[in-house]
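There are 6 protein chains.
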Amino acid sequence: MSKLSHLDDNGHANMVDIGGKTATVRTATATGCIRMSPEALAAIRDGDAPKGDVLAVARVAAIMAAKKTGELIPLCHPLALDAVTVDFTFLEDGVRATSKVSLTGKTGVEMEAITATSIALLTIYDMVKALDKHMVIEQVFCQQKSGGKSGDWHFSG
Amino acid sequence: MSKLSHLDDNGHANMVDIGGKTATVRTATATGCIRMSPEALAAIRDGDAPKGDVLAVARVAAIMAAKKTGELIPLCHPLALDAVTVDFTFLEDGVRATSKVSLTGKTGVEMEAITATSIALLTIYDMVKALDKHMVIEQVFCQQKSGGKSGDWHFSG
Amino acid sequence: MSKLSHLDDNGHANMVDIGGKTATVRTATATGCIRMSPEALAAIRDGDAPKGDVLAVARVAAIMAAKKTGELIPLCHPLALDAVTVDFTFLEDGVRATSKVSLTGKTGVEMEAITATSIALLTIYDMVKALDKHMVIEQVFCQQKSGGKSGDWHFSG
Amino acid sequence: MSKLSHLDDNGHANMVDIGGKTATVRTATATGCIRMSPEALAAIRDGDAPKGDVLAVARVAAIMAAKKTGELIPLCHPLALDAVTVDFTFLEDGVRATSKVSLTGKTGVEMEAITATSIALLTIYDMVKALDKHMVIEQVFCQQKSGGKSGDWHFSG
Amino acid sequence: MSKLSHLDDNGHANMVDIGGKTATVRTATATGCIRMSPEALAAIRDGDAPKGDVLAVARVAAIMAAKKTGELIPLCHPLALDAVTVDFTFLEDGVRATSKVSLTGKTGVEMEAITATSIALLTIYDMVKALDKHMVIEQVFCQQKSGGKSGDWHFSG
Amino acid sequence: MSKLSHLDDNGHANMVDIGGKTATVRTATATGCIRMSPEALAAIRDGDAPKGDVLAVARVAAIMAAKKTGELIPLCHPLALDAVTVDFTFLEDGVRATSKVSLTGKTGVEMEAITATSIALLTIYDMVKALDKHMVIEQVFCQQKSGGKSGDWHFSG
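These protein sequences, in sequence, are chains H, F, G, L, Y and V. Residue numbers 1 to 157, in this note's numbering, belong to the letters of the first sequence in order. Residue numbers 1 to 157, in this note's numbering, belong to the letters of the second sequence in order. Residue numbers 1 to 157, in this note's numbering, belong to the letters of the third sequence in order. Residue numbers 1 to 157, in this note's numbering, belong to the letters of the fourth sequence in order. Residue numbers 1 to 157, in this note's numbering, belong to the letters of the fifth sequence in order. Residue numbers 1 to 157, in this note's numbering, belong to the letters of the sixth sequence in order.
This is chain H alone, in the form it adopts within the complex (with noise of 0.2 Å):
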């Protein structure tokens, strides 16, 4: 029968104990966008021409918040990350983006990767909220995984 893994028997929150796993390389990648007006969008492309550090800061702010996962999400081990990467896209309304990361380790790095993409969102929230105040955040989701016992998997949408 289901059964959520950080609930015991009496249904109390723990941290599931991953001492009995097997250290290996896992990754995951996560992804998500904000829909934006076009004004707002083109004031972050002009920004992301010679001078402008929009995309940069949160670039920033995601690596270091992936880095921050085990503290902001209660159950979350702290994991020492091997890496992290933080992508852009421009969309037709708004921007995308997509975080990958891996360790070498006994649990998954999902989080991480979600966390890392969220925050890198709010940050671009926070940046443009002068000009527009009908964002959204839409569509994050964690793509792929790698690694650990379930393998390789893909969300099919």
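Among the hints, a few may not be true.
BS3-like mimics (lysine-lysine), calculated; alpha carbons at most 25 Å apart, straight line [to be verified]: (1) L/K149 - G/K133; (2) Y/K106 - V/K133; (3) L/K21 - L/K149; (4) V/K21 - H/K21; (5) Y/K106 - G/K21; (6) F/K106 - F/K21; (7) H/K106 - F/K133; (8) G/K133 - L/K21; (9) V/K21 - L/K106; (10) Y/K149 - Y/K21; (11) H/K106 - V/K106; (12) F/K106 - G/K133; (13) V/K149 - L/K106; (14) H/K133 - F/K149; (15) F/K106 - Y/K21; (16) Y/K21 - G/K21.
Hint data in this document are derived by calculation from the structure and do not stem from the laboratory.
For chain H, the structure is supplied; the task is to place chains F, G, L, Y and V on it using the hints.
Relative to chain H, chains F, G, L, Y and V alone:
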């Protein structure tokens, strides 16, 4: 012409000066939802019965994240929040999180509300991902704000 | 009827609204002690002589913890403390730590004082545990508070 | 002669070198209690019924504090914990918190267990203090540890 | 006679009481530089062209560090900063970082400015160290402060 | 051609992948000094006698900062340090701080050593600034590193 408030004339990031602004009561409400399978949703609902901790954990994570916003979003000011509340409602295919934050201070609390909401959804994701790997976070946005120079505002979707 | 202030009508946790409260000078003092073997106590006492750092380290840890209270105790407000002092006295069979915290603000600082005291005692525990594994932390409580609507209060044991 | 492990020959604090130690499975359990009035205790008990969040909040705070131990206790090593569980039992005049932590690593986890327990008790204190200002935290100690060179150990009170 | 403000009469550290001080607008500016090889400097300069993130990352790190000062420097008060800006200029043999911080509050912000500057330089060090292991951080000091009882002050080298 | 390791081909920041590197014992030592007036220096020296906490506070701050490096320097990996020691020596016109860090892991600890040294110096600055506003931090650099592919290295000034 449109300008991103967090960039100086050279496009460099900075934390904008709020020294000259007036301290007023400010509130903001942000909402967002996470879509999941019926099985996953049932597990949370059951957990919401006498014993389960799922939404309680997500609520605590969200409140703590609201207080950490200035540490997560690089150009946000550190703020001494007056109050944070986080509520959940069950949707047909997921859960909606809504966070309300208030402050007596010199800048708005939209980022605190939307950060709390995002972390609530990420925590649910973490606790349920063993049952459903295809969850998607959607429609995260600021619904309402009050206080400050611009006064009351509601999202007009 | 009695009611826990941090729970709403549905029993859900929230950070209570202090927006309507008046900023006044508030203080709180909390104390606690750690019991240990004569050998362990002597090692700290000797270390308190010309060269030792034990109580100095515990004092720094306690002051830093007072500032972190809002990050550790989920429903505490983040506070801009005015002052923190931590003192130690030797008991016959251990050490007593006493922390005093003050603030000009809208809520009390009992939690900051008691958290500082607890972390002071835990730090002593950590530094002495190689000598005595049977130490016990005892009698940690708030001794006194002043300021706010309820005014002066002393523990009447 | 007895020596405090965290002090060098000049009595100066340092983080002791665990580089040469072997990574083994290590566990530690710590317990402690908070004494309170019957009225306060009843409020928690009632809150433990269908709707209340008190112990759930304390449990989350404790788990998060276990992960933060290396940041709170100055000379503790940062550790990648395998598991953390926190349980509560009702006493006649209060609540007992018991935390168990495990790690595959080069140093013990007593401090993580006792820190988690302390923060659990402080969180209960915070949530109940509106009802009872005379609560006292008592008998916080390490009950058991296993793993490492010294092997199994139990508190012999 | 001269006395260190953070030590009490027994030479013990404490966080000095600012409760009686007046909240005024205060600013501080701190500067510092990092010396490096022509090759390393050229790599940053080139990176400062259309695509590079080096100084953008250092700027974000510095702004975030200014906000964290009260967490890093044990006896600093936690402060709600009004503004932080960080600028870089190229020297013949390195890079100069200059941080300006402002606050409406009861204590000065020199430590915030000098901490931001130091973290900016350390971040550059980190990003360039693959090219030059002989970099040296130099001449980090507070250039100017204003506000508070002592009023305007400039470094007179 | 020279390339900054933390930038990808588009000049974007990322946390470089250390997944394929071998875990070895690595050490690094960094040093730096703070210049001050004879009066300020005397106050620290006196404080170093029976009662004073100045260098003890700086030492604790430095050790804690070494553990926080991955949180302060955006592209540093979070590391489980084996050991940290911090020492001070008196110069004719100031104080020298030297930090040594070691790790069994996949990347070097230069940044941890140099960050610890910088925070030690900043803490001294904070505690002495009431006596001397003209202090300058100087000559902060990495003296030595060992371990990893590049092996032993010493600064050759």
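Evaluation of the provided hints:
Between L/K149 and G/K133 the CA atoms are separated by roughly 15 Å; this keeps the pair inside 25 Å, and the hint holds. Proximity of Y/K106 to V/K133 is assessed by CA-CA distance (about 19 Å); at most 25 Å being required, the pair is judged to hold. The straight-line distance between the Cα atoms of L/K21 and L/K149 is roughly 9 Å, inside the 25 Å bound, and the hint therefore holds. Distance hint between V/K21 and H/K21 is fulfilled; the C-alpha atoms sit about 21 Å from each other, no more than 25 Å.
Pair hint Y/K106 plus G/K21 holds up; C-alpha atoms about 21 Å apart against a cutoff of 25 Å. Under the criterion of a C-alpha separation no larger than 25 Å, the hint pairing F/K106 with F/K21 is consistent with the structure, at around 6 Å. Distance restraint check for H/K106 and F/K133: the Cα-Cα separation of roughly 19 Å lies within the 25 Å cut-off, and the hinted pair is therefore satisfied. Between G/K133 and L/K21 the CA atoms are separated by roughly 20 Å; this keeps the pair inside 25 Å, and the hint holds.
About 21 Å separates the Cα atoms of V/K21 and L/K106, which keeps this hinted pair within 25 Å; it holds. Distance check on the hinted pair: Y/K149 and Y/K21 sit about 9 Å apart at the alpha-carbon level, within 25 Å; holds. Of the pairs offered as hints, the one joining H/K106 and V/K106 holds, with about 17 Å between alpha carbons and a cut-off of 25 Å not exceeded. Between F/K106 and G/K133 the CA atoms are separated by roughly 51 Å; this puts the pair beyond 25 Å, and the hint is violated.
Only pairs whose Cα atoms come within 25 Å are accepted, and V/K149 paired with L/K106 is accepted, the gap being roughly 24 Å. As the CA atoms of H/K133 and F/K149 are separated by approximately 15 Å, the hinted pair is consistent with the 25 Å bound. Of the supplied pair hints, the one linking F/K106 and Y/K21 holds, its CA atoms being roughly 21 Å apart against a limit of 25 Å. Only pairs whose Cα atoms come within 25 Å are accepted, and Y/K21 paired with G/K21 is accepted, the gap being roughly 21 Å.
In this structure, the one hint that does not hold is number 12.
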